[in-house]
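Colleague: Chain order of the listed sequences is A and B.
Per the UniProt record's numbering, the very first residue in the first sequence carries number 1; after that it's consecutive.
Per the UniProt record's numbering, the very first residue in the second sequence carries number 1; after that it's consecutive.
Everything labelled a hint here was simulated from the structure, so no lab data went into it.
Some hints here could point you the wrong way.
Partial selection, computed: residues in chain A whose CB lies under 7 Å from chain B [claimed, not checked]:
id	residue
1	S164
2	F166
3	V174
4	F217
5	G222
6	L225
7	A247
8	Q251
Distance condition first, Cα-Cα at most 30 Å in a straight line; then the derived DSS-like pairs of lysine-lysine [as the list claims (entries may be wrong)]:
id	chain 1	residue 1	chain 2	residue 2
9	B	K177	B	K275
10	B	K275	B	K159
11	A	K177	B	K177
12	A	K159	A	K275
13	A	K275	A	K177
14	A	K177	A	K42
15	A	K177	B	K42
16	B	K177	A	K42
17	B	K177	B	K42
Footprint (simulated), chain B over chain A, 3 or more residues, beta carbon under 8 Å [said to hold, decoys possible]:
id	region
18	114 to 122
19	199 to 213
Note that beta-carbon positions come from the ideal geometry of N, C-alpha and C, so glycine has one too.
Number of protein chains: 2
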Amino acid sequence: MANPAYVAVDWGTSSFRLWLIGRDGSVLAERRSGEGMTSAAKTGFSQVLAGHLAAVEAPENLPVIICGMAGARQGWVEAGYIDVPAPLAAILTAAVSVPGESRDIRILPGLAQRDMATPDVMRGEETQLLGALGNASAGAQAVCMPGTHSKWVHVGDGKVTGFSTFMTGELFDVISKHTILSHAVAGAQEQPADAAAFEAAVSAAFARPALASNLLFTARSGQLLHGISAASAQARLSGTLIGLEIAGALQDAANSGITLVASGRLQALYEQAFKTLSLPFTAIDADAAVRRGLSAAAEAIWPN
Amino acid sequence: MANPAYVAVDWGTSSFRLWLIGRDGSVLAERRSGEGMTSAAKTGFSQVLAGHLAAVEAPENLPVIICGMAGARQGWVEAGYIDVPAPLAAILTAAVSVPGESRDIRILPGLAQRDMATPDVMRGEETQLLGALGNASAGAQAVCMPGTHSKWVHVGDGKVTGFSTFMTGELFDVISKHTILSHAVAGAQEQPADAAAFEAAVSAAFARPALASNLLFTARSGQLLHGISAASAQARLSGTLIGLEIAGALQDAANSGITLVASGRLQALYEQAFKTLSLPFTAIDADAAVRRGLSAAAEAIWPN
Chain A
1 MANPAYVAVD WGTSSFRLWL IGRDGSVLAE RRSGEGMTSA AKTGFSQVLA
51 GHLAAVEAPE NLPVIICGMA GARQGWVEAG YIDVPAPLAA ILTAAVSVPG
101 ESRDIRILPG LAQRDMATPD VMRGEETQLL GALGNASAGA QAVCMPGTHS
151 KWVHVGDGKV TGFSTFMTGE LFDVISKHTI LSHAVAGAQE QPADAAAFEA
201 AVSAAFARPA LASNLLFTAR SGQLLHGISA ASAQARLSGT LIGLEIAGAL
251 QDAANSGITL VASGRLQALY EQAFKTLSLP FTAIDADAAV RRGLSAAAEA
301 IWPN
Chain B
1 MANPAYVAVD WGTSSFRLWL IGRDGSVLAE RRSGEGMTSA AKTGFSQVLA
51 GHLAAVEAPE NLPVIICGMA GARQGWVEAG YIDVPAPLAA ILTAAVSVPG
101 ESRDIRILPG LAQRDMATPD VMRGEETQLL GALGNASAGA QAVCMPGTHS
151 KWVHVGDGKV TGFSTFMTGE LFDVISKHTI LSHAVAGAQE QPADAAAFEA
201 AVSAAFARPA LASNLLFTAR SGQLLHGISA ASAQARLSGT LIGLEIAGAL
251 QDAANSGITL VASGRLQALY EQAFKTLSLP FTAIDADAAV RRGLSAAAEA
301 IWPN
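So that you can see chain A by itself, here it is in the shape it has in the complex (with noise of 0.2 Å):
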């Protein structure tokens, strides 16, 4: 095995990824886990990472450079905001050190905006988008980073001149399981998706946000007047509330390159809306970004 350099730890509000990282850069073991802040707030984070620690046989002493919620007031110790606009790299200088410990553990700050209208906190993602633009990032651009509360950032030059959380997958996900639309997608899992219903739902919800509320009970509608399937009422749920999304993330910024930064499902499904949509775009994998910025960190902090 070659030499362990440090651990990388993306430690999100229900999620824990930890990496061993070698001298050379290269991921040597990686642990995943459901012990995000929530569980860890309950059973100590410092115990919490020293299960995973041990089970990688991270060396004594070899230091941890975490981000995410780990950092938040309710996590393990609070690492604040970096205050918007803000160069990338001023994360970097920004670490608090986690007392009480036998090795070296830095959390990373989050960013916040804190104008009183548009109000906006992030924690993780200003590590991933590190990652994703590197420190030196040329040109404005937009960077969506999809999820349970997706993110837009706006970047120009190496410097986060603003973001915006759109809550489209926590909203997916309580439209779906607790409105009147639960019986219109019941079964949805199991039918191969509607990409057409997708990309219709989401050409619709994009040139007419208004009527987002209104597209999401034509999934029921639709099923009551002319019994569109299952899979069919999903995909207009996700496709309008994506296409919500996009609307408000772009309406200031039209002209910016995009620059995805996602994985797996919500990878394909926004790549597709940007299609539908005609919108040039720029993908990134998200779990190497975060893994790239949590690095970069790793090396200002402690470099060779």
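Once you have looked at the hints, place chain B on chain A.
Modeller: Frame of chain A; chain B shown alone:
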């Protein structure tokens, strides 16, 4: 007690309301309960109705006129839909009889909009609408009937030309209860309402509906960064959803007069929203409207 002429029933998904109406049109007795379609489908519609009829001492042969979900496929007897465009009065001649009952019981049909792109349905609101506007209303107008599923109906010269359902009330409910915003709004009931926050949210969502799911999130980020109160967070949530609804409902009909058919708390909220947006409107009490609509149907079916 004046001579009773008929019984009028508004039978919704989760509520049951019954009025004993006299020969002079006056309300002789009233019953309200939670035995809506969902509950009555289990206990038996006939039995639920018989219990309330006995409680108001309705004479044995007194006829009953019903509107609402009792006429749905999963209701008592399916009463079908009248397809729009259609004159409002068309519902008066399309009531279906409930078979196997000793007294004459009729259920009014709903309205359906069958086009593929914007399918929609209503049951109960068509009767409220008839009562609100009367048989022969003049001029184009947009009728707003807020609720769990708000209905906006476009009417011209006594004809329903089209309508749209917005999931405003249900979205408010599930977002308040089941998303991360539940923490932000917890305890709002014990605080005075924040009128300024509501009006700001209505204006923001009306002006920029594409940002709806971002504006919702500011209820949380505003609390994290600026310590806004639970009442203020709740006002942002309801104001955003109502502003989005009004923007969608009026985007093709900005010049129509608005008729608001509502009661109680919802009436106050929508009046505040229309005033904030400088949209002129006329308010009609929803309870009185549905009773007037049921009376119009009873008088058409059983003329004196």
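Colleague: Each hint needs a verdict: does it hold in this structure or not?
Modeller: Going down the list of hints, with the structure as the test:
no.: 1; hint: S164; result: holds, 5 Å
no.: 2; hint: F166; result: holds, 5 Å
no.: 3; hint: V174; result: holds, 4 Å
no.: 4; hint: F217; result: holds, 4 Å
no.: 5; hint: G222; result: holds, 5 Å
no.: 6; hint: L225; result: holds, 5 Å
no.: 7; hint: A247; result: holds, 4 Å
no.: 8; hint: Q251; result: holds, 5 Å
no.: 9; hint: B:K177 - B:K275; result: holds, 29 Å
no.: 10; hint: B:K275 - B:K159; result: holds, 27 Å
no.: 11; hint: A:K177 - B:K177; result: holds, 12 Å
no.: 12; hint: A:K159 - A:K275; result: holds, 27 Å
no.: 13; hint: A:K275 - A:K177; result: holds, 29 Å
no.: 14; hint: A:K177 - A:K42; result: holds, 27 Å
no.: 15; hint: A:K177 - B:K42; result: holds, 23 Å
no.: 16; hint: B:K177 - A:K42; result: holds, 23 Å
no.: 17; hint: B:K177 - B:K42; result: holds, 27 Å
no.: 18; hint: 114 to 122; result: holds (count 7)
no.: 19; hint: 199 to 213; result: holds (count 7)
Every hint from the earlier list agrees with this structure, and none is contradicted.
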